[in-house]
Amino acid sequence: MKKLVLKNISKRFGKVVAVNNAELEIEDQEFIVLVGPSGCGKTTTLRMVAGLETVDEGEIYINDRLVNHLPPKNRDIAMVFQNYALYPHMNVYQNLAFGLRMRKIPKAEREPKVIEAARILGIEELLERKPRQLSGGQRQRVALGRAIVRNPEVFLFDEPLSNLDAKLRVQMRTELKKLHKRLEATSVYVTHDQVEAMTMGDRIIVMKDGTIQQIGSPSDLYYKPQNRFVAGFIGSPTMNFLPCRILEADSQLYIETGDFRLPLLDHFADKVRERGDSKFILGIRPEDIREKKSVQPSSFGGSIKAQINVTEILGKEVFLDLTTGENTLSALISAEPEENLGQEIELEVNLARIHLFSADNGNAII
Amino acid sequence: MKYKEHIQGLSLVAPCLVIIFGFIFFPVGYSFWLSFTNKQTLYPDYDYVGFGNYVMLSGEEEFWMSMWQGTIFAVGTIFFQVILGLAAALVLNQAFRGRGFVRGLTLFPYMLPTIVTILLWKWLLSTTYGPINYFLQVIGIIDQPVVWLGANWIMASTIFVGVWQFFPFVVITLLARLQTIDLELYEAAAIDGANAWKRFFFITLPQLRFVLLVVILLRTFFMFTKFDVPWLMATGGGLQRLISNWPVYAFRRTFGQLQAGEGAAISVLLFFALVLMTIIYFRIYRKEEA
Amino acid sequence: MAKKKGITRRDFLKGVAGAAALGTGATFLPRKAHAAKRTLRIWHTEASAVAVKAVQKVCDKFEQLHPDVKVFAEGLGWAGLGTKLTTSIAAGNPPDITHIQPYMYRSLQIKGELVPVDDVYNHLGIDNIFEAVRDIAHYDGKYWGISHEVGTPVLLIRKDLAEKAGYKVPKDWTKPMFKTWDEEIEYLEAVTDPKKGQWGMSLPGTAYFLQEHCGRWVASNGGSFYDEKWNPVFDQDPFVGVLDFILTLSKKKIVPPDWLSQSWLGMIQEICLGKTTLIDHGYGRIALSIDKYAPGKASEDYFYPIWRPVGPLGEKSYTDLDAELWVVFSKSKNQDLAMEWLKLFYERDLYLNYIAQYPVHMYPITKSLANDPGYKALPELKQWKAWIDIQAEYISRKQALPVGIYAPHELHIPFVMEVFDSGIIVDEIVSVVQGRRNPKQAGQRMTERTKELIKKIGYPVPDPIKAAKSA
Ligand SMILES: Nc1ncnc2c1ncn2[C@@H]1O[C@H](COP(=O)(O)OP(=O)(O)OP(=O)(O)O)[C@@H](O)[C@H]1O
Ligand SMILES: [Mg+2]
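Residue numbers (our numbering), protein chains in the order written: chain A, 1 to 366; chain B, 1 to 290; chain C, 1 to 471.
One chain only, chain A, in its complex shape:
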């Protein structure tokens, strides 16, 4: 049984198409992350599921039940808002209990549920406090508590961590994942932070301008982005994109950028030949570039001569900002190069990990 199904749903605000023909199926207990740049329609999608926004076209099913016309309270979902939306005039206990109270759960049954939720989240001490007497992280927990206390079919999160500082965010990320494991609740989690998406999602949905670009596991998105947008969105530092042509010499295909040339591995060649055209966009992740002098045998190959503009030592790795003729390039290498700024360095590329995108529509070819 699918827990949550969106069938071709669309939503327009005047001329803006906030969500365009989105299709989605979510399994029971799955943790799905909706990611995309600001304004791409993540929140709108979530709100349609919650019933806070009407659906212009398409159908939404929860547990195989069409919910398009059900009010939020009858959809058995819980939502955690970006700004928490805690009831300011109620204390933490009352905030947690409110949903149960509205559902006419008797007082005696309410209390153990509230206490249990508070215990899970470690906020038992705070039950008497008003939201304004809590820190950001504590409020976040109360907001989560309000969602879990009702034990709903689906959890909806709208950027719940975006108001926390970086460290707390990382910590909460893990806690949320643990919580999910423990509650085994189906969750839809919205974020515009791809790191959050990659670390948390069982599956990730990438959206852009209201349209779903790709749905897949984190590794799918990383290794097999279906288009240039997804490739650029996922991964940090961002993938290098260079316009290129395909040349053939001695029945070997080469990728020619104007500044350098890379041989195309055989198992990619067929796909390229099939296309017939010769103009493409080459995609190379910075971590797939290394210094030529490395000796370990591998799928690395080709030769790129580039000038070093900037070096940034990130810890274990070193980030390089480079210029090769017309193009700039970023690379992530394992040790600080001997060459100085402004000097030339020779690099090679993991040929098995390169990406080629159609220059016309950005779709992935290899």
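By construction, these hints were calculated from the structure, which means they are not laboratory data. All of these numbers come straight from a predicted model, not from anything done at the bench. Certain hints may be false.
[As the list claims (entries may be wrong)] For lysine-lysine, the following DSS-like pairs were computed, each having C-alpha atoms within a straight-line distance of at most 30 Å:
id : chain 1 : residue 1 : chain 2 : residue 2
1  : A       : K293      : A       : K7
2  : B       : K198      : A       : K130
3  : B       : K198      : A       : K104
4  : B       : K287      : A       : K130
Given the coordinates of chain A, work out where chains B and C with the ligands should sit on it, guided by the hints.
Then chains B and C with the ligands, alone, in the frame of chain A:
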């Protein structure tokens, strides 16, 4: 050094103290004093009469009528102002076409000078040529014109006019607060299972609570001390007796019968009544808050 | 009782009376013009645009003659002026000149607020002034105010509506259409038809005008407000009869049901629009409203004056003498200018211009202007001939008494103003109409409350000025 600072500080607040003393304490104190004298409005001299004015007033039918009517007028206008103001504020807080215009229109009664308001309503409510009676007759609700401005209805009509004129005050204040309520609270409550009525009861009302309390307290001061509306509804004429509140009665004593001492006594009683109401009010407020 | 001041009220009264008398002489000495501009403040009751213009014309002329003086004139309706006046006097800042009603002058005079205007009378020539108005404010050998005009309210009927109901309105207004209140009531019942929205008579609910009605009715019922010894007599038969009359009008529903809150203008509109057939308040000023609210009906075919009936205890019917007084305040620093302004006011051209604003309402106080061809040529005198003649008749028969004064001796009572403005009379009228008290009880309560008020003011005592003199 310290002493110098004191002097400096004092000289900074001195003008304020003078103003506060001159404009607030002096008139209040002077009224107190006058209320213990038989001062007549147009004579400079007077005798001390102790509680004579108070004793005399307490035995007078007109005094008790004014106390009673003043209370009915104030409580009636405050009650309906708040109800109507709250309802209007809730409606005006919704998004609809022409909302800006309707908001502006709602403020209109508050902008009108009282005299214009009264003339307008006296005309609208008139038995002989008032459009309201005409309209009610045409749609068949009544078959005889209602004497809105006659002895039986004059208090109700005066309350009505008071409500009409001052409910925008309630609307403005409540609307200002309503607009700051986070809409997500309503969405959260909707998801939590609250219907529209419960959302109003559990979210809107508690959020408005403090502003409402302040509004009611302010309106209490305003409506108990309101002079122009009940005065102009009867302009000292036949029906004044039936809509005479404390200020009107004090005015008639002071400037009609020229008995300033008695007028002052009524003002002092009103002052104490308001102080008392404020104390009770805050008691209740604090008790609830705890 | 602790004395808070060195002088008692009684001492004060004596003192100011003397001082005012002394001060009068002094003020007429010519003063040197101030280097700075002097200002003269004038309030008057003629608030309509035309009248304000006419007064302004006098002011303009005055400024021309006295370039160092600035005159501010303000027209206020009677309801506004009364209050404003009391508060300004209480604050010690009255205008230099104002209109007051005749019933107020003694109350103000005894408090030392006024100075005599004999100078103006002498300037106009005492004999040139009609006797009816000349003596209104004559007290203690001095003139404490001077009327700006004379007029009297008459019973004004909608002739067309009465005739439609089968009644004949006598052309000769000396022959009363109703001899008694009973006849009047009979007529009112006959013409009242609430379904058509037509009532017999309209009454004003405003305290001032309602009391005026009571006054002329009590006089027409052989009584007054006070007896010769200044005792209030609201509990005696003539006044109780008036309360009875009001109760009957109200009970029989022959006056509009909301009459208690009716304004003066509202009442005028009712007769102009034919909502009512009769008003007992036919001031000539209404002629102006008729043009406005009953266009095309401004003639004696529609609006006709009739002689007022007498009450069951009366022999003659009375009316009010509408003759507001110009008075000058003793606190004025410009008494000299004030006298000059008043003299200018009565100058032939300016005064004619003023009177011509409402000739039906305003009869000149000077015989010279009354006989002036310019005055006689005013077209309204023909248009509303009966209306003007009947007023003159009331005056010449001495059946017109100054507003608020319902027997000649009341002109000298020094607390008429306080009682008139106290609300006591209307309060009790309402309790009668409401059925809370019967007329007799209400009259008694009125009398008691009035006595109490009088006592607080410091009476009944013999006139303190006379007492001071004889002592
Ligand atoms: N109530 C609304 N009225 C009009 N336009 C809206 C409304 N809500 C959203 N939109 C528009 O719809 C589009 C999608 O908005 P949405 O809030 O879903 O984006 P988002 O992906 O959640 O962005 P963010 O990451 O900034 O929260 C945007 O262009 C937005 O301006
Ligand atoms: Mg969003």
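Hint by hint, here is what the structure shows:
1. A/K293 x A/K7: 53 Å, violated
2. B/K198 x A/K130: Given that 30 Å is the threshold and the Cα spacing comes to 21 Å, the pair holds.
3. B/K198 x A/K104: Distance ~12 Å between B/K198 and A/K104 Cα, so the pair holds.
4. B/K287 x A/K130: 18 Å, holds
In the structure shown, a violation is registered for the earlier hint numbered 1 alone.
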